[in-house]
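Numbering (the UniProt record's numbering), first residue to last: 1 to 232.
Bear in mind the hints are in silico, worked out from the structure with no lab data behind them. All figures in this text were calculated on a predicted structure; none of them were measured in a lab. Be a bit skeptical, because a hint or two may be false.
Stated by the list, open to error - Below, simulated SDA-like cross-link-like pairs (lysine to any residue); rule was C-alpha separation at most 20 Å, straight line:
#1 K48 x K115
#2 K178 x L202
#3 K48 x D108
#4 K115 x A82
#5 K48 x A82
#6 K48 x G103
#7 K48 x A12
#8 K178 x R166
#9 K48 x D137
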Amino acid sequence: MKGITRERIVAAALELLNDEGMDALTVRALASRLGVRASALYWHLRNKQELLDEMSTVVMRRVTDAVSAIPPSESWRDDVAAYARVLRAEYLRHREGARIFSGRRVSDPEIVRAKESWLARLTAAGFTLAEADDVLDLITAFVVGIVIEEQERTQSSPGRYSLAERDAWLGEGAELVKAAGHLRDQGDARFERQLGIVLDGLDRAGPRSPSSPSEVTDTRTGTGTAAVDLPT
């Protein structure tokens, strides 16, 4: 349809999501925002699932571009931490971003190809290919989980998460649980502390820093696999 492109539809959908939330993201509301009939959108996107996939593609392209602009450091930890921070920041830009965009199918192969350089960095640091893949999956899952909780707390109605009400509801016999609740910080401080814990665990598990393409045990299969030297 003249004047309406896939890109315009996706941009308008992201605006609608941020303004009114997921429940308001309907074909009718999106068409109204664009000033067209709902049927016009189906020339470009077959259904809402495809729309959400395209929205996720835009979000992940921003993540890929932002991370690619950060020069690689001498530390795999610093590189992985930089990726985690960029991913969190991009999810936080969008209402319910982590819940909606994680696990979607992206339509731009360049986003998937960008993983090649990450696997190369991690295998060069001494991880096996399987371990390197696990590192990226684990960090992504950590970010998704913590941002879902962050957004649930910050975007919910005031009073939904009242520690005083929770303490009264728990009653006696849960003193440690109640005390721990009051120790919890939120936002950047909590994210950085817990990211550090995850990275410490990965550091202890590996890497093994192989000096030659000799066999390195694959911790996922228990079998020996040759160290993989991927192109940068």
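Verification of the supplied hints:
{"no.": "1", "hint": "K48 x K115", "result": "violated (27 Å)"}
{"no.": "2", "hint": "K178 x L202", "result": "violated (30 Å)"}
{"no.": "3", "hint": "K48 x D108", "result": "holds (18 Å)"}
{"no.": "4", "hint": "K115 x A82", "result": "holds (14 Å)"}
{"no.": "5", "hint": "K48 x A82", "result": "violated (32 Å)"}
{"no.": "6", "hint": "K48 x G103", "result": "holds (15 Å)"}
{"no.": "7", "hint": "K48 x A12", "result": "holds (14 Å)"}
{"no.": "8", "hint": "K178 x R166", "result": "holds (8 Å)"}
{"no.": "9", "hint": "K48 x D137", "result": "violated (26 Å)"}
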